[in-house]
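If you read the sequences in order, they're chains W and S. Per my numbering, residue 2 is the first one in the first sequence, and the count goes up by one each step. Per my numbering, residue 3 is the first one in the second sequence, and the count goes up by one each step.
Simulated from the structure, these hints should not be mistaken for laboratory data. It is possible that some hints are incorrect.
Said to hold, decoys possible - List of simulated lysine-lysine pairs, BS3-like, C-alpha gap at most 25 Å:
1. W:LYS6 / W:LYS106
2. W:LYS16 / W:LYS72
3. W:LYS43 / W:LYS16
4. W:LYS16 / W:LYS69
5. S:LYS11 / W:LYS106
6. W:LYS6 / W:LYS69
7. W:LYS72 / W:LYS59
8. S:LYS72 / W:LYS106
9. S:LYS16 / S:LYS72
10. W:LYS6 / S:LYS59
11. W:LYS72 / W:LYS106
12. W:LYS106 / S:LYS85
13. W:LYS43 / S:LYS73
14. W:LYS58 / W:LYS72
15. W:LYS106 / W:LYS43
16. W:LYS106 / W:LYS58
17. W:LYS43 / S:LYS11
18. W:LYS69 / W:LYS43
Unchecked claim - Derived list of chain S stretches under chain W, where covered just means 3 residues or more per stretch with a C-beta under 8 Å from a C-beta of chain W:
19. 42-56
20. 103-111
Ideal Cβ placement from N, Cα and C applies to all residues, glycine included.
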Amino acid sequence: QQQVKQSPQSLIVQKGGISIINCAYENTAFDYFPWYQQFPGKGPALLIAIRPDVSEKKEGRFTISFNKSAKQFSLHIMDSQPGDSATYFCAARDNQAGTALIFGKGTTLSVSS
Amino acid sequence: DGGITQSPKYLFRKEGQNVTLSCEQNLNHDAMYWYRQDPGQGLRLIYYSQIVNDFQKGDIAEGYSVSREKKESFPLTVTSAQKNPTAFYLCASRPTGVSPQPQHFGDGTRLSIL
């Protein structure tokens with residue numbers, strides 16, 4: 002059973018556009034929501050993370066929006082660049098089940114120049 | 003440079019063979035994790051360890067085994083009982099204490115069947 006649902010599976014955006022990836026969850030015990038970026042043949046790298054007591058967090062061109070009541074959070078990439086082409090994973094931590102993360106299935110982003 | 007080193011980068015397994023994937027970290031992190039990544043499936047947790055000499059099963063532990071004899075090392079053995087071992091295996095570590103803390107990943111080992 003998938004505890005973190007991520008969409009879309011793939012996304013094509015023009016250079017300079019906004020990329021938006023959405024995630025939804027059901028478990029109210031989740032208390033930490035990171036986003037990871039992964040390039041082919043490499044391990045995921047932490048991009049940005051948020052806690053549920055914050056509705057938005059911005060780091061450079063990357064913003065997480067968090068809606069606690071709807072149990073949804075999203076990643077916005079402003080001014081998308083070809084170098085942003087990668088696979089993005091949202092994740093959540095269950096504070097009642099150890100320290101491992103539960104990952105969404107990933108979104109493959111392609112930014113066309 | 004501090005980081006997580008996984009070796010080998012590519013590994014081939016014959017039928018009925020056990021193989022061991024190495025994961026070493028010099029970040030002084032207490033917790034370590036093994037994930038399996040399949041196309042379109044995200045990352046699924048195999049095993050994790052929060053302290054030396056202790057580890058817990060994740061969601062897909064069947065056919066795998068681990069050990070945690072040293073803080074910096076968390077090897078994963080893919081046994082012959084794992085019937086579909088072809089995947090990209092990722093090791094991660096995380097400091098404990100003040101939580102939450104992000105997990106840091108190695109660059110993975112790609113395992114294939116001969």
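Against which earlier hints does the structure fall short, listed by number upward? 2, 4, 8, 9 and 18
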